[in-house]
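Colleague: Chains as they are written, first to last, in the numbering used here: chain A, 1 to 364; chain B, 1001 to 1364; chain C, 2001 to 2364.
It is worth saying that the hints were derived from the structure and are not from the lab.
There could be a bad hint or two in this list.
[Unchecked claim] Computed Cβ-Cβ distance ranges for the label pairs, DEER-style:
no., chain 1, residue 1, chain 2, residue 2, range
1, C, Gly2261, A, Thr58, 50 to 58 Å
2, A, Ser35, C, Thr2345, 50 to 58 Å
3, A, Gln316, B, Ser1036, 53 to 61 Å
4, B, Asn1196, C, Met2043, 52 to 60 Å
5, A, Leu137, B, Pro1111, 51 to 59 Å
6, C, Arg2298, A, Lys57, 50 to 58 Å
7, A, Asp161, B, Asp1059, 35 to 43 Å
[Stated by the list, open to error] Calculated cross-link-like contacts (lysine-lysine; reagent style DSS-like; alpha-carbon spacing at most 30 Å):
no., chain 1, residue 1, chain 2, residue 2
8, A, Lys327, C, Lys2078
9, A, Lys327, B, Lys1258
10, B, Lys1126, B, Lys1108
11, A, Lys258, B, Lys1360
12, A, Lys117, C, Lys2117
13, B, Lys1201, A, Lys327
14, C, Lys2078, C, Lys2117
15, B, Lys1327, C, Lys2327
16, C, Lys2126, A, Lys78
17, A, Lys201, B, Lys1108
18, C, Lys2108, B, Lys1258
19, C, Lys2126, C, Lys2241
20, B, Lys1108, A, Lys258
21, A, Lys241, B, Lys1327
22, A, Lys201, A, Lys108
23, A, Lys78, A, Lys108
24, B, Lys1241, A, Lys327
25, B, Lys1327, C, Lys2078
26, A, Lys57, C, Lys2258
27, C, Lys2057, B, Lys1201
28, C, Lys2258, B, Lys1327
29, C, Lys2241, B, Lys1327
Given the structure is predicted, the values throughout are model-derived calculations rather than measurements.
The beta-carbon is built from N, C-alpha and C at its ideal position, and this holds for glycine as well.
Residues per chain are reported as follows:
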Amino acid sequence: LPIAFDAIATGETSMYPLPDGMFAPQNQWYVAALSSEVTRQPMERWILNEPVALYRKTDGSAVAMQGRCPHRHFPLGKSNVVGDNIECGYHGLQFRPDGSGDSSPAQKTVPASCRVKVFPLVERWKWLWIWPGNPALADPSLIPDHDEFGLLNGSFVLCGDIAYNEVPARYMLIHDNLFDLTHLNVLHRNSIGGGNLAETKEQRNLTENRLTSHRHFRDLAPPPFMGPVLGYNGLCDRDMKITFCFPGLHYFFDTYSKASGEPGGGEHLGAIMGFHCVTPATHHTSHYFAALLRDFARDDAALGQHIASGLAPTLQEDIFATGEIEKTASRLSRLPAEILLNSDTTCGLGRRMFAQAIGKEMAV
Amino acid sequence: LPIAFDAIATGETSMYPLPDGMFAPQNQWYVAALSSEVTRQPMERWILNEPVALYRKTDGSAVAMQGRCPHRHFPLGKSNVVGDNIECGYHGLQFRPDGSGDSSPAQKTVPASCRVKVFPLVERWKWLWIWPGNPALADPSLIPDHDEFGLLNGSFVLCGDIAYNEVPARYMLIHDNLFDLTHLNVLHRNSIGGGNLAETKEQRNLTENRLTSHRHFRDLAPPPFMGPVLGYNGLCDRDMKITFCFPGLHYFFDTYSKASGEPGGGEHLGAIMGFHCVTPATHHTSHYFAALLRDFARDDAALGQHIASGLAPTLQEDIFATGEIEKTASRLSRLPAEILLNSDTTCGLGRRMFAQAIGKEMAV
Amino acid sequence: LPIAFDAIATGETSMYPLPDGMFAPQNQWYVAALSSEVTRQPMERWILNEPVALYRKTDGSAVAMQGRCPHRHFPLGKSNVVGDNIECGYHGLQFRPDGSGDSSPAQKTVPASCRVKVFPLVERWKWLWIWPGNPALADPSLIPDHDEFGLLNGSFVLCGDIAYNEVPARYMLIHDNLFDLTHLNVLHRNSIGGGNLAETKEQRNLTENRLTSHRHFRDLAPPPFMGPVLGYNGLCDRDMKITFCFPGLHYFFDTYSKASGEPGGGEHLGAIMGFHCVTPATHHTSHYFAALLRDFARDDAALGQHIASGLAPTLQEDIFATGEIEKTASRLSRLPAEILLNSDTTCGLGRRMFAQAIGKEMAV
Chain A
1 LPIAFDAIAT GETSMYPLPD GMFAPQNQWY VAALSSEVTR QPMERWILNE PVALYRKTDG
61 SAVAMQGRCP HRHFPLGKSN VVGDNIECGY HGLQFRPDGS GDSSPAQKTV PASCRVKVFP
121 LVERWKWLWI WPGNPALADP SLIPDHDEFG LLNGSFVLCG DIAYNEVPAR YMLIHDNLFD
181 LTHLNVLHRN SIGGGNLAET KEQRNLTENR LTSHRHFRDL APPPFMGPVL GYNGLCDRDM
241 KITFCFPGLH YFFDTYSKAS GEPGGGEHLG AIMGFHCVTP ATHHTSHYFA ALLRDFARDD
301 AALGQHIASG LAPTLQEDIF ATGEIEKTAS RLSRLPAEIL LNSDTTCGLG RRMFAQAIGK
361 EMAV
Chain B
1001 LPIAFDAIAT GETSMYPLPD GMFAPQNQWY VAALSSEVTR QPMERWILNE PVALYRKTDG
1061 SAVAMQGRCP HRHFPLGKSN VVGDNIECGY HGLQFRPDGS GDSSPAQKTV PASCRVKVFP
1121 LVERWKWLWI WPGNPALADP SLIPDHDEFG LLNGSFVLCG DIAYNEVPAR YMLIHDNLFD
1181 LTHLNVLHRN SIGGGNLAET KEQRNLTENR LTSHRHFRDL APPPFMGPVL GYNGLCDRDM
1241 KITFCFPGLH YFFDTYSKAS GEPGGGEHLG AIMGFHCVTP ATHHTSHYFA ALLRDFARDD
1301 AALGQHIASG LAPTLQEDIF ATGEIEKTAS RLSRLPAEIL LNSDTTCGLG RRMFAQAIGK
1361 EMAV
Chain C
2001 LPIAFDAIAT GETSMYPLPD GMFAPQNQWY VAALSSEVTR QPMERWILNE PVALYRKTDG
2061 SAVAMQGRCP HRHFPLGKSN VVGDNIECGY HGLQFRPDGS GDSSPAQKTV PASCRVKVFP
2121 LVERWKWLWI WPGNPALADP SLIPDHDEFG LLNGSFVLCG DIAYNEVPAR YMLIHDNLFD
2181 LTHLNVLHRN SIGGGNLAET KEQRNLTENR LTSHRHFRDL APPPFMGPVL GYNGLCDRDM
2241 KITFCFPGLH YFFDTYSKAS GEPGGGEHLG AIMGFHCVTP ATHHTSHYFA ALLRDFARDD
2301 AALGQHIASG LAPTLQEDIF ATGEIEKTAS RLSRLPAEIL LNSDTTCGLG RRMFAQAIGK
2361 EMAV
């Protein structure tokens, strides 16, 4: 039965929907950037409310360094790369990829205390994963397994490019959006809605760092966008499974087959796979990376581009919704407790994963 | 004698010129919108720092509903109307015009706790009046009587359209502006100034919810804008009476007649009537509705348009002045106590109406 | 040896790099405006987080008056001048140049309490100097002596106009920039860098209100921009001396001569003189006036314009750097203590001048 969500929504807006004083777990892997974004020219990206400088060394490997020079706080992400070092664009202090200070033409004498934090960074598939917390705890085996979700075996191919958006909303609002797919039939009613999500049994599975939501629909008309893409207008079965890899990646499989009562019933029509990577930027903004893949017409790049551009507005609808909620939460001094629906169970579990992990870090 | 206005200006800027901690009286009628603004497509309007959704039912009657879905805080004013219900644009919760939740295609099961506040709303003349506070106290007979100020008897006709502006200033600064008409000769010197306002005896009348200021000028040259409009360049008498209907409406009569020493002395030249409706939006912004009417050349729509467009800059001057004061009040950590002039007596009385009403609500 | 700069950088961002609660010394002379900016039309300028109205009387002398009318806080800097008085643009209160209220057409009766603060203001060379603090302490002999830095004897002439910028950074970040010239070789590497600043002996001289930094370089290639300007491509000696006149003016001499090993060794090639005047505007913005002069080709206005426009990007680089640091300091709840380099000694002394002066004013 629905209950007021008091344990989570405490009436303070600061980091709604998390309990007061909580922001984000630090000892975790997050997507910092697309591989293609990081070059020899350093870039600045705020991650968990700290500036980070990202660049590549001469051997092509990527570095994530504290983005604030410890001397005068100038942004290293708006500075220069010299060899494998980053050189502060203000007074010329140089830092090696391990964070230690290096003598430079402008600053020959560098004190031992002059060093910056370097973040563990791992490049996988097309993404760079960063560990904002204690480097000693950074275990690359904790990065979501790209084999697990089939990125490396070629059965799915990308539709167009991976989208990057800086979203004007706190990161938890994006997770809320992805934890509760009943929004598909309303916010995205004209594109990928279909099937009565709220009334269809939702199977959940929660492990330490995975939360899965699974629904199966029978005898549906294909969603407005998908019919033409699949080249099929009969009734279909739709299998919708989304897995959250705590704390920053959701991947889903949206699989269509001919309904059993149709000619060729049970025949696989095609599946869309998607990734949503969410990384806290500041307290009120987020990095949002989204990719779509398909397992059909894999050589048809034009179709891939059609899917990517056709579903781009869907992502913008999510960004609109979370941005609007951010505006309200920021403007009101007090957000009342929420109403909880049956369909919020997954969301409640997901929020609890964050609250527990942050709570553990705060208790240390 | 002028005294420092310490009782009102407490040195805190938060809600200058009100005492600390006061914002706005809630158990009152305010203009929420022009009738013409509210349609079947819902609109969002912040009122007393809360989002409100306004829309019309199939029978044309208007509804003012809490503008924030109680489930995930998505703006209902940026959602959809379905029949007489509003359907949240995020997860599809529907709310009936009485605020109760309704089952919907997207959300068949709706908990009883899922309801939104509905605001008493009354449509009068061309305006929608909202009661942001306790609905049980909302007595429509408290709405300013439109017969009282002649809106319904046809003796005055509108000049052009009613203007709506969202003003970047707290609402009390707009009331301050209207309580003290000595600004006409300075801020509006090139349009409607005329007569020595500060030196002319001001008759005041204060009742529980009305405050009237009345001045009569003899043997004036018509104000720069009015001479040509009235087609008269001789000396005139001017009668200026402005009535404040607590807490949100001011109406004035600005009446011109030939001066007694002129040929045809005493003959009525014409009167301009005006309405200014002020509604608190957020703590630092306001809704400002303004209308002008005339009792002469009532069939001359072109003249009406000429008056409306000719006096539009006057309203912008008021918006400029209040916006500038808002900027200063917001930027300074402490506003010094004000100097009080003789001409501020009306303003002092008007401020006190607010402080007393808010104080009563806070005491409950 | 470098030490953590704990005494200054306390971990609070509010007014980094000053100790908590400190903003700016008030009993000091600051440049309020260029002489050419102040006319019969009043202008508004925020100085030390207070609005100031600047205008000229009929005799041409300039007045700096509290920029906020004491009646309703309307900006006097956006009002009107009537004779020698300023007339508030809202209700017409007039103030004489001594700050006392004057009767006016709109307000004949003015209470004695109706007066505004008037700031001591002195016009020197092309600048207006304001004293924001206690007028009784305003001694014009404390204004930096324009003879001392050669502005009045004609040996230097202006290159183009004096630049004015409102900088989106707290004023101390601009002083930090000027106290530590090692940034020339990095931030300005393509224009006026040259000589190993960090490794070259820096002679400092600190008196009560002067702080001088002096470096002499031998056998340098001229900086990229200066070679062509001086018409010389051989090795040169460079003498760089910058003097800070507490609390708002820096002047430098950047003098070039032929290196002793070159033909004509020791011959004076030319000197650039510069002024940087920094005045706190709000807590997060500053007024920045910058002038360049030359002692060579004094009749060549085109060369002067070439120098001015050629070095304009250099000033924008400083504005960029300080603006970036302001963004970081404003966004982070806590700025870690800084690393201190050998080359920061001058900066440390300069910061201490401010902390001591502000501390003295706070102790009164």
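Colleague: Which of the listed hints are not met by the structure?
Modeller: 1, 2, 3, 4, 5, 7, 8, 9, 10, 11, 12, 13, 16, 21, 22, 24, 26, 27, 28, 29
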